[in-house]
Every structure is written in structure tokens, then in C-alpha cells.
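Undergrad: Once you have looked at the hints, place chain B on chain A.
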Amino acid sequence: MEVSSLPISASQRGKLISSGYTSISSLASVSADRLAQDLKISGNEALEILKIASRRLHKGETEASGCLGTRGGRTAWDMLHDEESSLCISTSCSELDGVLGGGIRCKEVTEIGGEPGIGKTQLGIQLAVNVQIPAEYGGIGGKAIYIDTEGSFMVERVSQMAEACAEDLIQYSNMLLKDNGSCQVKKQSRAFLDNIFHFRVCSYTEQIALVNHLEHFISEHKDVKIVIVDSITFQFRDDFDDMARRTRLLSTISLKLMKLAEKFNLAVVLLNQVTTKYCEGSFQFTLALGDSWAHACTNRIILYWNGKERCAYLDKSPHLPSASAAYAVTGRGIRSLRSNCKRVRLM
Amino acid sequence: MRTLEALERDYPFIDAAFRGFCSSIGIFSVEDFLLYDRHVLEDRMERAPERFKQGLLELYSVAENYHRPWVNGLDLLKDVEQNKFLISTGCEGIDTLLQGGFRIGQLTELVGPPSSGKTQVCLKTASHVAKEYPSIVIYVDTSNSFSPKRIVEFLTQSSKPAKTEVKRTVEQVLRSIVCHSIFDIFSLLDMLHQLKNQLKSQIHFHVKMLIIDSLSSLIAPILGGGAGNGHTIMITVGYLLKELAYEHNISVVFTNHTVAGEAGTSKPALGEHWKSVPHVRILFSKSHSPKGGCISLLKHTYLATGKVPEFRIP
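Note that the protein sequences, when read in sequence, are chains A and B.
FYI, the numbering for the first sequence is 33 to 379, going by the working numbering.
FYI, the numbering for the second sequence is -12 to 301, going by the working numbering.
Here chain A stands alone, though its shape is the one from the complex (with noise of 0.2 Å):
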């Protein structure tokens, strides 16, 4: 049955069937009003079932489109040119943006997991400012969506980062740029905090909806560069007796999420939680929400513990090699280990 292929309700799709309606190509020279007649809805409704199978049989039409016909395709030869200039959020370590290639990078889907307490919230608020520097700086000059499900979202904490990441700009254009006397645009630590959205979200239905309105609240606020949604497993761990339909939730916000990424040109990263997993006779951590899961972002990184630093292990990249870099969570936010002098980041 060629119209169980169509995205209808289960209501109409039956009624479609049991009218004789089973092929595409019968619905293509069928009036509305006929249609409605027949499976006994409204003339709205036959309208919408017509205009989703014209979509289908159009799109079949054939056009004189070229040599390199399908719709909707690109070629790589364009998008290598799009990839080469595509800018990336710093992480304000250094060793860790040289492990992802200068940092986190739009259009892409990064999921981030590790342990309590290894930083991942940290990260996340520095991003957050980060994703603000100016384009002077080397920054894309954009605006954060914060998604928080814990309730870990500290406003103390990001005006602390976002005074020093204001600092360190201010350093950086009086070293490079001596003989400016006219300063660049000052940013204050309130306007970086004007520039984050915060969405509290409380349950996994609430989540579901804020992802789904997301597609809607950025094309109103175009400059959005960033969603950060700290964390993506909260909501889902507990409460859940159907291990299939939480896949099933799972994967339609990734892909909703991978959709954002690439329509609007965004980042987004996704922050993880762990879980034990009984592997070759011993337990070792592993991220949560299982093995569909894992498939869903383009790129993981792993923060672990090696002794009494932090890590992090680039895990999964279709274009970098697996590499691990480590980082420290100080007073004015993610730096690097070795800065014990106050270095300026070198962009």
C-alpha cells in the first residue's frame, strides 16, 4: 500500500485504504471535494492529504535541472568552501581547541559527557560567553540558548566568566593593537549576560516542546550561534518504563536538533551524563542513554579524571583524529592547565 509511505494520521491512512485509495497515483487525479466525499472529512482535511501527495508525485516530476539533477542537493565542491570558512567557539583552552580543531563547531551536533563534578557545566556557560567575542576578535559574535534541566544554570557564575573573557579582550587588544588609541567597543560582563537565553525546563515533555519550538524562536532571534542544553539525559533517566519509546523520543530530538544545526548554522552541544556498563568482566563508565544514542550527535567528547587533572577525549569526529587534551577549571572559567601566569589566549 503505496499510501502507508505518506506522513498521514493513522485515522486517515485507514479511511484512505478502505476507500479503494491504496496507490499515490490515485490520489493524483482525485478533486478534493471528492475525496472528501468519500472518506467522509472535512474539505481542509482532503486538502492537506492532496497537497502531501502532490509533494510526493511532483517531486517525481522530472525537470531539465542539469547534469547534477536532485533537488536539494549540494555538491562537496560548494560545501568544501562553506566547510574551509566555517568559524569555530573557542573553548578558551587552548590544548582542548587544538584537539577539536580550533573549537566547536557550527553545524555540527557535539555531545559532551563525563562524571559529576569534571566540569561540564563549566564548559557549557563558557561556551555560552565565549560564543559572544566579537568577530575583531576572532569570535562569531553570536547569541546563547541555555537549556537547563538540572537547574544548574549559576548567573553568579557566568557574570564571574564573562568579566574575566571581557578582561581578557581588553589585554589582548592592548597588547596587539598599541597603537589604537581609540578603544573597541568595550563589552561589559551585563551584555554578554543580555545575550544568553535561559530556558528551565522540567520534564521530558517540556523538553520535547522547547526542542520543537526551537526551530520557531530562532528564526525570530536570527543571531542565535549556540544551544547548549545541559543536560539532555536528566529528564529521560528516571520514570521511563519503556526503554523503546524513550529511544524512540531520543532520536526525534537529535534529528530535530541536527535539523537546527544545519538550517540555521548553528552549534549545538549536548551534555551527558554517565552510567556503568558491565564490559569484559568489569564495570567501566560509559555515556548514558545507550548505544541509539550514541549514534545521534556528530562529534563526542569525553571528559574524565587522569589523576588529579581533567581531561578530555575527542571520541567520535569525521574529520579529526581521536586525540585527548587537558584543561582546568579556574576562578575566571575553562583554561588551560599550564597557565599558572596569566596568558592571554592567542587567536
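FYI, nobody ran anything at the bench for these hints, they're computed from the structure.
Take every hint as true, because none was put in to throw you off.
Capping the alpha-carbon separation at 25 Å, the derived lysine-lysine pairs in BS3-like fashion look like this:
| id | chain 1 | residue 1 | chain 2 | residue 2 |
| --- | --- | --- | --- | --- |
| 1 | A | 295 | B | 136 |
| 2 | A | 309 | B | 254 |
| 3 | A | 309 | B | 273 |
TA: Positioned in the frame of chain A, the structure of chain B alone reads:
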């Protein structure tokens, strides 16, 4: 399959009276006619007027158009030798495992745990096939992992000629890889139907390879649950891919992920119903050693399963 009304224009015996008779016994379309018991139908026709018997004969002739022509073994062999040959993937391990490469006309599934190298194999194959054959490679990307930079890396690693020649070839190769970013299964179905129609009508549109990375992430949201439609759509996609591969001489490669099986083992996702859809299934296993992971054959049409050569992505 068409409804009987649509046939009236071409077949005058299938008129309103005949259709009324058919609907009284439950036949609304050609499909219903094919499913109806032939003996019972002919019994009923005994008592019907002559005109209806003509209509029945016309219906038989319409049904004749729906089945594929007979092919004998020799023609099949010629088809295999000329059209459905093996395409080298550019990865030595896989070419050795498959004794040549991916076969045109067949569906090959790459299944494995996360970060086991599936996307890398897809990118390497895309770059290799686009370089060696003068045709288009279509890459469907569901996780924004398509990286033209990585493809350029693969191309520059393997080619030997002078630098200017390399640059020109790189542009030509990149122009023949078309990437679609698709994030739900219905858009995939739309795109595949569009591709099918384009291949039927445009003579100069040659596609050798269709890579879908990853198919399982598109199917996972609809599989299971009360709606019950998920399996249907999954199998529809499977058969559509098979038709594309066989009719238009394309090699279809897609990736699948693993889920937890019994007793801590892992098994390929998408379930038992999907097992019969791909012709060849290759299992990747993750390895932390610098030598790389292992790959093995889970299913193949004529090779023995279970071989495990060593495998590394450069």
C-alpha cells in the same frame, strides 16, 4: 495499482455496469482483482452477461502489464558481467573481505558500534568511486558528518601525479559528489522517488553509488510503538532501494548502528524484519589499538561469513 474507474478511458468494456458488478463482489482496483480467487470469479462470471466476460478479459490483459518480463540464466549472467560488477571501495581491508568491493545492484550494510569507522568508510568510498568512475555519487547525510575536507585528504593521499593535475581532478571529483542533508524518513522517501524518476527520464544522469549515513537514525523514530506503521515504511524504503539498485545499476551502501542484545552482546539495530533486506552485511568492531578495528561478514550472497581481516583507516 489503479482503480477501475481510471481504466475506463482505455478499456471501454470496463464501464459503469461492469464496475458495479465488481464492487458488489468487493473488487475496486486492479490489486483487488489480482487477490480475488480466480475460480470463484469465473464461477460468478458464468451467470453474468457476455459483456462482462469481455471486461474480465480486458482486466486480465491489464494485469499482464504489471509483471516483469521473464529472463533466462544466460541473460542474467551477461547482465552481471556487463552492468553489475564489483566496485572497489578504496579500503584494502574491505576489498579483501568482499573479494573485490561493493557490488552494483546490491545493498550493502555497514553495521557497528559508535566510532568504529563506518562514516570514514563511507567518505573513503565516495572519494574513491567519484575519482575512478565518471559518474555521480549521491551521499545522504543525516548527522552533518559529511566532510569535504576529509574527502580532499583521501584524494591527496592516494594520488601520485603532479600537483596541478591533482587540483583539477579534485575539483572534478568534488563536483560529482552530491550531498543531501535529510533528517526524516519521509523526506528520504520523497528524495528517492525523485531520483527514481530522474534516472528513468534523463539519459546523461549516471549514478554509480548511493550512500546513506545513517539509515538507522532515520528509521529509529518510527519503529515500534502503537502506530504500527513503522515496519511498513521501513520495508518500503528497503524495497525502493533494491529497485533503484537493480533497475538503474547503482550500488547502495548504508550504515546501521548496534543495540544491546542478550547477555551483554550487541546486535544490529532495526530488528529481525530488516535482516533480509540488505544483500551484504559487514560488522565493524571498535578497537583501541593503533592497528585499527576488525571487520567481519555477517551476511553475503555467496561468500562464507565470519572472516576477520585487520582494518585501518589512514
